[in-house]
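Enquirer: Listed below are the residues making up each chain.
There are 2 protein chains.
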Amino acid sequence: MPLIFWLVPVSAVLALLFAYGFFRQMMRQDEGTEMMRRIAEHVRKGASAYLRQQYKVVIVVFFVITIIFSILAYGLGVQNPWVPFAFISGGFFSGLAGFFGMKAATYASGRVANACRKSLDGGLRLAFRSGAVMGLVVVGLVLVDISVWFIILNQFIPETADGYKLMTITAVMLTFGMGASTQALFARVGGGIYTKAADVGADLVGKVEAGIPEDDPRNPATIADNVGDNVGDVAGMGADLFESFAASILATALLGAAAFMGADPATEQLFGLDVQTNAVIAPMLIAAVGTLLSIAGVFMVRTREGATQKQLLHSLGTGVNVSAFLIVIFSFLILYYLQLPNFVGIWGAIVIGLLAGIGIGQSTEYFTASAYKPTQRIAASSQTGPATVIISGVGTGLTSAAVPLGIIVVAITLAFLFATGFNFHVDYLNFGLYGIGVAAVGMLSTLGITLATDAYGPIADNAGGNAEMCGLGPEVRSRTDALDALGNTTAATGKGFAIGSAALTALALLASYFEEVRMMLVKFLDLPKGDPKRLINGLDAQDAQFVDFIHHYEIHLMNPMVIVGIFLGVMAVFLFSGITMNAVGRAAQKMVDEVRRQFKTIDGILEGEAEPDYARCVEISTKGAQREMMVPSLVALLIPVIVGLIFGVAGVTGLLIGTISSGFALAIFMANAGGAWDNAKKYVEEGHFGGKGSEGHKATIIGDTVGDPFKDTSGPSLNILIKLMVMASVVTVGIAVSYSLLGPSL
Amino acid sequence: MPLIFWLVPVSAVLALLFAYGFFRQMMRQDEGTEMMRRIAEHVRKGASAYLRQQYKVVIVVFFVITIIFSILAYGLGVQNPWVPFAFISGGFFSGLAGFFGMKAATYASGRVANACRKSLDGGLRLAFRSGAVMGLVVVGLVLVDISVWFIILNQFIPETADGYKLMTITAVMLTFGMGASTQALFARVGGGIYTKAADVGADLVGKVEAGIPEDDPRNPATIADNVGDNVGDVAGMGADLFESFAASILATALLGAAAFMGADPATEQLFGLDVQTNAVIAPMLIAAVGTLLSIAGVFMVRTREGATQKQLLHSLGTGVNVSAFLIVIFSFLILYYLQLPNFVGIWGAIVIGLLAGIGIGQSTEYFTASAYKPTQRIAASSQTGPATVIISGVGTGLTSAAVPLGIIVVAITLAFLFATGFNFHVDYLNFGLYGIGVAAVGMLSTLGITLATDAYGPIADNAGGNAEMCGLGPEVRSRTDALDALGNTTAATGKGFAIGSAALTALALLASYFEEVRMMLVKFLDLPKGDPKRLINGLDAQDAQFVDFIHHYEIHLMNPMVIVGIFLGVMAVFLFSGITMNAVGRAAQKMVDEVRRQFKTIDGILEGEAEPDYARCVEISTKGAQREMMVPSLVALLIPVIVGLIFGVAGVTGLLIGTISSGFALAIFMANAGGAWDNAKKYVEEGHFGGKGSEGHKATIIGDTVGDPFKDTSGPSLNILIKLMVMASVVTVGIAVSYSLLGPSL
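Listed in order, the protein sequences are those of chains A and B. Note that my numbering has the first sequence beginning at 1477, numbered continuously upward. Note that my numbering has the second sequence beginning at 1477, numbered continuously upward.
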């Protein structure tokens, strides 16, 4: 193990220590008045109740999947015996990160509201550092898990001369991502349904029927709504990016092991084990350095009293941008130190990934912020009623999907070209796939601080809610409002970033799927692996295996099974988002019924004399979310396995690319349409096109409500779908390879 | 030329003669009162004005494309010299069909209203036979064009021993489809924007602001609205299915020429020229027989006075179903007569295609008719306001896309398996692709009568509008209402059928794209074509060429250019539908302004004393449609060429499958969501959930307005996009093969 590898565990431990430090610092702050304490307590209890319930379901699912993996590994022998354990560890660490992150967020919000009684800077710093707990715990735990497994497997898996040891190690570690994926599925889908059922339900009865403002303590669903912000936007987003971070690093490690196992096509010289090891640890090191830079970035976030919205945004931006800029420099140094062949090209791929992330964030901002034309046009269409608001929002959302798709297309093409030294030939394929993986790692490298800005949003939002419910003074409200508005901006770009990184991660996972199948082929067809330099028809062994693979499985576009697979992938995406969309409607309906019941049966509730039964609403949203997430989860987990059983590898590859491409587009469409509707409403509230209370305002409120499940449930759930389907295919590859009905038999 | 081929021109001429007969018969009917005559005249003039304007644009575009084709053919030599002429003829015949169909429809509607003054049966028969003019003209002109070209090219293209003559003939004839595609693009996109700009504009000012009913002669946009029904639903739908009918036959002919050119993999015997010829004319014969059966079916449609909605539906259904049942029998006889190898399997593919068409129609009905749960649930969600109506409509629409996708997946798989005799191996690929083409032909075989039921809808709708505007008695109105309601049902299933057949046709075209590239490869790489039986690595020449093709262009899913292409295909779909969606919004806004202006400046207009300036509204909608269709048209025409220039054949194949799969899903989503909203509104109007005038009703009206551009503009325009992109790729294949930047050079 090269010495520099130890940077990974060290940075992991540092990230966790700083997270603990920020947490302790936050806990030392005063929680404010008795009322503030009580409200915060309600939210905290609700969030814990939700998490407990979710973990119960998750444990059952993990139990079942672990048994399946054990059968595949020990019974059928189509999987490595380490796989079940790696799977469990990924799920466990992801769950732990969600637990800590949400604890920190729910402890923080009351304290942030209290800090805002004194100063804006104090509030911002406290909120941001509490968000940083989530950010650093996520990256820290991912790197801990990676380090520990890498060290263990390096000890236990026997050395081979041909470089297959590292292939095996990285393949096992990838299963760790499957655990994180499964955990994220429940956190994102369940959390997404929870938060919007509570939100839509609270609004429909509270705002519309009873005419009481948002975040009013008389509304029984208001605590559930606040819990939802934590459940969906902290725990859900965290689990989503935990998985992207882990999967991008692990997939790239596998792709590195594969690419640098054979011979250099230019010189026909073997790379050797050192080069291969360096290619495997390169993504880990980049992530480790990005983590250290994220910690440094967190300390850069501060502001001064009376800061404008723009200055606040600048404060956050400084931390993120400085980290991103420095990772460009440091990743060059790392790659130089590792002396990978064509390291400048690989470094180019990292930069491309970073730029793509920024570009997607910018395009999200353009299409959703009220400072730009698209959202203003949606606001303008409110003059002809809600129908035109919806039409123009859908039109804008659909159009907006083209930009991130274009960015990803350019990013893949350039990352591939850079990493292959501008060579599209099949001999260089492995290097290009590694380049795509490295680009994903580059995009996610500074996740520690990016995620901190994401988790900051719901904390500020809840702080505002707390201040509102406790009737704090107007100067406090104006401070929490400023923090909350900032959170809305970061939430929109954060969503774009989450989707973009999910797509790139999924593509890296798809590439590692190819490598896994190739390894299976080597195993079952007994292809030459002893001497990677042995030439077959002018190709080295590895390239020949790839050609064999393409042939054997006919994963080309003339094979109808591939086309069928692509259709099924698109089908899964539409089905999944349709189901989650309808799930919100059903769960919200239950919430509406409950709030109506409480208004009717609890005397004095609307006069503020009796306390509503908050816990009952939390429970209803929790149960609704748990029930509704079963069907979409089964869709996501079973479709890849069923397609593999019927159509084999060709069908599965088609399925995956169909899911990734259309899922990415639909997710962007939904997130951007939802964000634009939200901000069009705010734009009207600022006094444009009739202002608050006008008919136009009512039209935009309808748009905003429609946008809620778009941007917070169905859209983000698609991130999980596209990664999970690939992950599930990767870990069940043995089924598609060995037990397919229509596919070629081995 | 085998004698049986002459069935094709004969049935074509018969179809045209019967169309002419139905037209004369209709023209002999009385147009009714002076007022009825005048209203019909307005609509007729408006429709003609629109068509004239559209043909002006189309002529310019055809001129430009013809020049490009001539350069490719005569200058660069990458295309056959016949191509420009075939292209022009396709566009010309499609335009002619649209012209006749719309003429018949606009002459008929007033006469149908008048016939309804006497009896329901008279009205139904007249409306249906006038619709049949469109249906029979479309299939007749397609078959005329095919017959003439086949006879001419058979004369002029020199005989070869190896079967390349028929490949060349069918490849040239396919360009005829490109002409039809281009014409359809303008008819469907322009017509779609026109009809919804007029509809939404008329509703927003007339119904909402001025409070006058629909189809009120005081509304200046009401004539434009009625014109729109003809422009969008008669001419647009006709051009769309003209293209599907032509392209499915021609693509299948090409696939037949390719499949039966080599040797039978089972016996290794050459097929011979007779078999190849029979495979080429088989799809033409099936279409010809289907056309004869359609004529017979038209005569079966009749009803009796006081028939219920169900009985009316049954009357139409009888004609369609009997034709469909008989084609199952006759196509078996034809294939038996042609003695194609595995003719039972090929017949199976035809049946699969027919069943898939019926299945997609049924699923459309389930998801959009108010007799079933999904639409009722949308209606129920009106109780919590318009936002939940939109959310549940989107949820239902997204979910509903899964069913037709599933049907197409099963259909492709079975058609392929049947046509190959259950053999997925690459040697049998050609036969499987032929099977997919044959399934498309089967689905479309009885288009004559299916299209008659589609064109019937707007005729009945306009007859209702005429009766309303002229204040005819209640028993007349109830008859036209019954006919109109029937038209709404057929419109929904008709849309599903149009999308499904477009998807299957596009897949057949994609298969012929592969064959075209293979031919290019044979030409440029000088692959062995003289002796099809020559074996290369155990494959016959043709299979070897395919393997070479897959290799040479790397159209496998590990090639990032393929993946990039798929992403770009999805991007094109989202971009195109976003642009068309926004186009309706903008064009409707112009209409709103104009109607408001007329209400303000023309004295006595709302009192019914002064006639509004109908022509001005028609002109505004026409100009708006023409302007707005330019950008999406350029997207559709240029993207395949640009992708070909940059990413070559691999990128283009990815592009096409990405477009077809995601475009199909999005089109179904939009059509079904739109149809369900429409019928949810009608369901509430029937007295459920508060009935007409309630808050719930208002909520469903908003849903219905949102659904208008969904189901009548963006959704159907996607049918064109998916076919046109493949067509454009097929006819510019030389560019991707020879002049690609990143693709392999020849």
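Where hints are given, some of them may not hold.
Covered, in the sense of this in silico footprint (three residues per stretch, anywhere, with C-beta under 8 Å from a C-beta of chain A), are these stretches of chain B [unchecked claim]:
| id | segment |
| --- | --- |
| 1 | 1479 to 1489 |
| 2 | 1837 to 1851 |
| 3 | 1858 to 1872 |
| 4 | 1882 to 1896 |
| 5 | 2132 to 2145 |
Pairs of lysine to aspartate or glutamate residues, derived as DMTMM-like cross-links and limited to a Cα-Cα distance of at most 25 Å, are as follows [what the hints assert, rightly or not]:
| id | chain 1 | residue 1 | chain 2 | residue 2 |
| --- | --- | --- | --- | --- |
| 6 | B | K2076 | A | E2161 |
| 7 | A | K2168 | B | E2171 |
| 8 | A | K2174 | B | E1685 |
| 9 | B | K2174 | A | E2171 |
| 10 | A | K2174 | B | E2161 |
| 11 | B | K2174 | A | E2083 |
| 12 | A | K1849 | B | D2069 |
| 13 | B | K2168 | A | E2171 |
| 14 | B | K2174 | A | E1685 |
| 15 | A | K2174 | B | D2069 |
| 16 | B | K2066 | A | E1685 |
| 17 | B | K1579 | B | E1517 |
If you are wondering where the hints come from, they were derived from the structure by calculation, not from laboratory data. For glycine and all other residues, C-beta sits at the position ideal for the given N, C-alpha and C.
Enquirer: Compare the structure with each hint and give your call.
Expert: For each hint, the structure was consulted:
no. : hint                 : verdict
1   : 1479 to 1489         : violated (count 0)
2   : 1837 to 1851         : violated (count 0)
3   : 1858 to 1872         : holds (count 11)
4   : 1882 to 1896         : holds (count 6)
5   : 2132 to 2145         : holds (count 7)
6   : K2076/B with E2161/A : violated, 31 Å
7   : K2168/A with E2171/B : holds, 22 Å
8   : K2174/A with E1685/B : holds, 17 Å
9   : K2174/B with E2171/A : holds, 14 Å
10  : K2174/A with E2161/B : holds, 24 Å
11  : K2174/B with E2083/A : violated, 32 Å
12  : K1849/A with D2069/B : holds, 21 Å
13  : K2168/B with E2171/A : holds, 22 Å
14  : K2174/B with E1685/A : holds, 17 Å
15  : K2174/A with D2069/B : holds, 22 Å
16  : K2066/B with E1685/A : violated, 36 Å
17  : K1579/B with E1517/B : holds, 11 Å
The earlier numbered hints that this structure contradicts are 1, 2, 6, 11 and 16.
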